[in-house]
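Protein chains in written order, with this note's numbering: chain A, 227 to 569; chain B, 2 to 240.
No lab work stands behind these hints: they were computed from the structure. Heads up, the beta-carbon is just placed ideally off N, CA and C, and yes, glycines get one too. Nothing false has been slipped in among the hints.
Calculated cross-link-like contacts (lysine-lysine; reagent style PhoX-like; alpha-carbon spacing at most 20 Å):
(1) B/Lys204 with B/Lys41
(2) A/Lys368 with B/Lys204
(3) A/Lys342 with A/Lys492
(4) A/Lys492 with B/Lys189
(5) A/Lys234 with A/Lys544
(6) A/Lys544 with A/Lys492
(7) A/Lys457 with A/Lys468
(8) B/Lys23 with A/Lys368
(9) A/Lys544 with A/Lys342
Which chain B residues face chain A? A few, computed with CB under 7 Å, are given here:
(10) Met9
(11) Gly54
(12) Asp173
(13) Pro193
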Amino acid sequence: MVDPPTAKRLVQVIHDNLPAPVGERRPVHTIGIGVNGRFVASEVARSYCIAEHFDGEPVDVSIRFSNGLGGLEQHDGWSDVRGMAVRFHLKNGTGSDLIATTLGEFFVRNVDDFFKFSDTAKREPFRRRHWLLKILDFLQLKIPQRNPYPGETQAIDAGALRYANQHRFSQLGIFQVGLIGAPASYARASYHAVHTFWVTAPDGVRRPVRFYWQPVAGVRNIKPTPEPCEKYLFDELKKRLKRWPARFMLMMTIGEEGDTLDDCTKPWPGTRLRIAMGTLTLTEIPEGEDQATAGERISFNPCRLAPGIEPSNDPILKARLGAYEVSREMRGGCPFKWRADNA
Amino acid sequence: MPDNEGLMDRFVDRLPETAFFKFVAARILTPLWAWWTPVKPLPGGPHPSFQHGDNVQCMMNLIMPLKDKSPVGRAHAAMAISQHKDAIFAGLNNVGTVHFARFVIVGDNICMFSVYDGDFTNYIRDFIATIGEVFDAVVGLVEGGEKVIPCDKNVEAFIQWVHERDLYQVPDTPTDFLRDQERLNGDKAVAPVNDDLTLLPRKMVLQLRANANVSLGSGYRAYPGYSVAQVRKQLGLGW
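Throw the hints in and build the complete structure from the sequences for me.
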């Protein structure tokens with residue numbers, strides 16, 4: 227875990243780069259919706275991990291889907307990373323969280339990288355690239371800068387690209403952000419937990435793993451348009467769940483000797499063992515005050531884990547432990563028991 | 002309409018989709034950039050790895066241009082395979098590390114696509130040790146094949162011949178494709194560097210010009226990480 231001043235600084239640099247203050251809201255993934263669901267582990271899950279939610283008994287789950295952008299404007303149709311934070315509610319009143327996004331890999335390896343990235347990728351005036359320059363790009367067989375969305379006057383795109391051009395470890399994550407698009411539904415995107423965790427099997431064997439959610443309805447993005455729809459994802463999910471529950475498969479990839487365990491910028495090869503750990507069914511969207519609790523006041527932490535799952539030494543994962551708590555305190559989010567005795 | 006979008010902006014945004022630009026890109030820009038910034042073709046076959054999961058279910062995508070580029074030439078190739086079906090299947094059983102293998106005719110090429118475990122050179126060595134004669138019949142129909150016949154007497158030359166016709170396997174991520182090119186040029190830097198990520202399309206276009214046939218991504222596997230031996234044992238199929 228990073229020291230408290232560093233955790234505060236991590237959150238502060240995010241706040242400092244927002245288009246406008248967000249009040250007592252999350253500085254990123256500000257816009258989100260809470261959903262209730264149930265998780266049922268697969269038959270094989272318990273043979274890989276002793277965590278309670280993998281024992282096969284159905285578990286109540288709270289989910290928060292979100293848009294990655296920081297700020298109070300919704301911009302559903304913008305190309306953006308989306309979040310899926312999940313809390314598995316355990317029998318003793320505690321929980322186990324799994325926080326995932328549509329980004330397959332992160333773009334910095336550690337806290338120092340993050341601060342350098344934040345210095346480079348500040349919001350800058352963002353204007354349409356002149357058509358003559360675009361023609362020059364085409365003649366060089368290059369990708370021209372994207373057009374701004376209506377009303378978009380600032381962006382971090384140029385700074386992020388500068389950072390990526392100087393740091394190869396960041397290129398995959400930043401490249402993916404550039405191409406990520408907008409999902410047709412929160413229930414039609416894959417979400418990756420990015421970090422490595424260690425799971426313990428009943429026989430005591432510990433394995434390095436990475437988790438991701440795969441939508442049973444399949445992955446689908448909307449077609450990009452110059453004037454994307456600002457708000458559709460909440461209504462789409464509400465209508466979808468009124469018709470039929472939406473489902474996700476929880477997949478777990480097992481790392482091998484030699485795989486990168488502590489660097490969330492590096493993907494694992496697709497040739498690793500892949501275990502279907504269970505099915506999450508989204509059942510209902512709370513309304514009114516319940517939605518405020520489920521979508522806003524709820525607080526997640528990627529290091530809040532059931533016995534049987536442990537964080538790796540990934541420096542970003544360790545930094546998130548403190549930074550998420552600082553952010554929760556700043557916005558007055560609900561504290562949540564970490565252990566049965568809340569120690 | 003988005004703010005301050007003019008007629009020329011709209012026209013230029015649609016330019017890459019026009020037949021005119023596609024013609025210019027294919028016939029003028031690509032050859033020009035290939036001349037100005039030459040690109041070496043990336044080598045075929047799986048990426049070298051010491052890890053278990055990367056050494057099972059490896060892909061071989063062998064494309065062999067036929068000497069006789071006519072329906073008769075293709076029929077000869079089809080006959081060469083069908084006449085030796087028993088020998089091929091028996092040979093693959095004896096190799097023992099092959100998940101799937103099939104011959105396909107695409108255009109004027111006879112192709113062999115297979116999924117195997119272990120080292121590529123061992124796979125080819127075992128293969129020609131058991132069905133070298135069959136390969137002689139096939140390779141004899143292929144451009145440049147006469148140099149390696151009889152295959153079982155020219156083992157190392159044959160392995161190299163196959164490797165040169167095995168497709169480059171484009172990585173699953175675009176940035177790993179860039180790393181492949183950098184590695185080929187001896188560049189192993191991580192940071193600080195002075196790259197230009199916006200050049201990725203040109204790099205891909207020029208590589209596909211140098212390497213017209215490639216395999217895209219590492220492919221899907223329903224049971225990644227398992228060898229033929231493990232699958233057969235688990236299913237009780239024996240040998």
